[in-house]
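Colleague: These protein sequence lines are chains A and B, in that order.
Position one of the first sequence corresponds to residue 1 (our numbering), numbered consecutively onward.
Position one of the second sequence corresponds to residue 1001 (our numbering), numbered consecutively onward.
Hints are computed from structural coordinates only; laboratory data are not their basis.
We put the beta carbon where it would ideally sit given N, CA and C, even for glycine.
Where hints are given, some of them may not hold.
Stated by the list, open to error - Mimicking SDA-like on lysine to any residue, the simulated pairs with C-alpha atoms at most 20 Å apart in a straight line are: (1) B/Lys1356 with B/His1335; (2) B/Lys1356 with A/Asp38; (3) B/Lys1356 with A/Ala34; (4) B/Lys1362 with A/Met35.
Unchecked claim - Computed footprint of chain B on chain A; a stretch qualifies when at least three of its residues, placed anywhere within it, have a C-beta under 8 Å from a C-beta of chain B: (5) 47 to 57; (6) 122 to 134.
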Amino acid sequence: MTTQTPTASASPFNDNDLQRLVEFAQLVTSVQDAMSDDMVNRLASTMSEGISLLDRLTRNDGLTHLLREIDRPENQRFIICMSNAFTQASRELATAPPLGGGLGGLLKLISDPGVQEGLRLLAFVGARMSNSLREVHRHGL
Amino acid sequence: MRILVVGGGTAGTIVANNLSRRLTGEIRAGKVRITMLSASDRHMYQPGLLYVAFGQMTPDQLYRDQASLLEPTIEFHVDPVKQFLLDKKQVKTESGKTHEYDILVIATGSRMVPEETPGMTEGAEFFYTEASAVKMYKKLREFKGGRVMVAVGVPHKCPIAPVEVMFSLDDFFKARGIRDKVQLKYHYPIGRLHTIENVAKWAKPEFERIGVDTETLFNIKEIDAKNKIMKSEEGTEVEYDLLIVIPAHRGMEVIERDNLGSGGWIPTDRYSLKMNGHDDVYVVGDTTNLPVSKTGSAAHFQAEAICENIASIIKIGEPVRDYDGKVYCFIEAGHEKATYAMFNYLNPPDLKPPSKPMHWFKISYNHMYWTSVRGLL
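Produce the complete structure using the sequences and hints provided.
Modeller: Here is the structure:
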């Protein structure tokens, strides 16, 4: 039976590890050399304002509710529709001739079925919103 | 439950915001109301004044609108307190209004009183107000060389400031290329270089390294501004070309006037932070008579303990913790390096060698302060 004695060179690091540590230290030194007080000031200021903004946003009931609503698939489709509508409306407006004005022009505009559909949508939203506002005020929220 | 916070400095603002966050449900349900009375509609980052005095910050960087720092549920009035009527659970304000409370938090802070030392206002520079910090910077810019004497009055706000001034002076004159023409000397009122023993031990070799002469047991008696001589209570005299002092401080006048505490410092229980003899009155920050530093950091840790206790008293009827005397002070060791001192009632600070990353931490904190007073950090 033989007894093994631990060797004196049983270091937890090998040459590769030490080389990496040296490289890491060089990286930290170079970052320190490259930074200035002014940079630190700007970064810290942005972080501070960013954290404060994030705090306000995450504790704002209105925004939290809005985010919850936006998460619903039908509302995501609504946002897609809305952004498509804005894009298309912008293009149509660019090519459409200017309106003549006057009552005649207005009558011509609202006799368009598409415009009537749009007005109906706005009326639905308005009705729901006024109901919701009435409820909020009734409960004193 | 009506909670009245008197004072809109670091301590008062953290208390009001922290309570508002902890008691959101109770406030919405109309069970709790938080009111703050402040002397100003602006909030100043006071540690920044040292940077103004050395041209590292401009005064506009030190201010924010107080209302912008407060939670929207806090009722805020710019209306300083004229009289405390603790027996009636009321305070009267300068505008003539009377505010009643169930819990009162006094955070009125402190003020320097250079006018109490003969000749100090005319003969010395200091940096505890915006105007005096700007004036000190201009004097330093004009200075061509000679004897710069630094002396310290007691008690004073920010106990680390005298040490930081010495390092800043050394770096400032080095940067201007006239360090060899300037003699720097530091005078301290007790028998060592700083009131905190480990800071004194740390400062001694550091001062020797940067060539700062020192004299202890030097209490400023008067300043002969005409002949540029500073005299001490101990009978010594020093001549100067530029004199920088840390003036003695007092609590606010209303505290003294209403006999709430000698020197404007209110006798406060060191653990519960309640005013002695008043179960419904808490004292926080510089206003206490506690044997801890008068710093924003002490105010911050005190505010946390007070808020946790007030909230738990409202919610479960009992306080849940004591203030342990915790203070965390950055120490700027010049314009490039810094270290820190952290201590409490039981454990003295153990100072580490100054480093660049600690300096960056400190200047980062100059911005993070606003996150801190909003009750986030």
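Colleague: It remains to establish, for every hint, whether it holds in the given structure.
Modeller: Here is what the structure says about each hint:
1. At most 20 Å may separate the alpha-carbon atoms for a hinted pair to count; B/Lys1356 and B/His1335 meet this at roughly 9 Å.
2. Taking the CA atoms of B/Lys1356 and A/Asp38, the gap is about 14 Å. The hint holds against a cut of 20 Å.
3. Taking the CA atoms of B/Lys1356 and A/Ala34, the gap is about 12 Å. The hint holds against a cut of 20 Å.
4. For the suggested pair B/Lys1362 and A/Met35, the alpha carbons sit about 15 Å apart, so the restraint of at most 20 Å is met.
5. Closer than 8 Å: that is the beta-carbon criterion, and the segment 47 to 57 of chain A has 6 residues meeting it against chain B, so the requirement of 3 holds.
6. Against chain B, the segment 122 to 134 of chain A contributes 0 residues with a C-beta closer than 8 Å to a partner C-beta. That does not satisfy the three-residue criterion, and the hint is violated.
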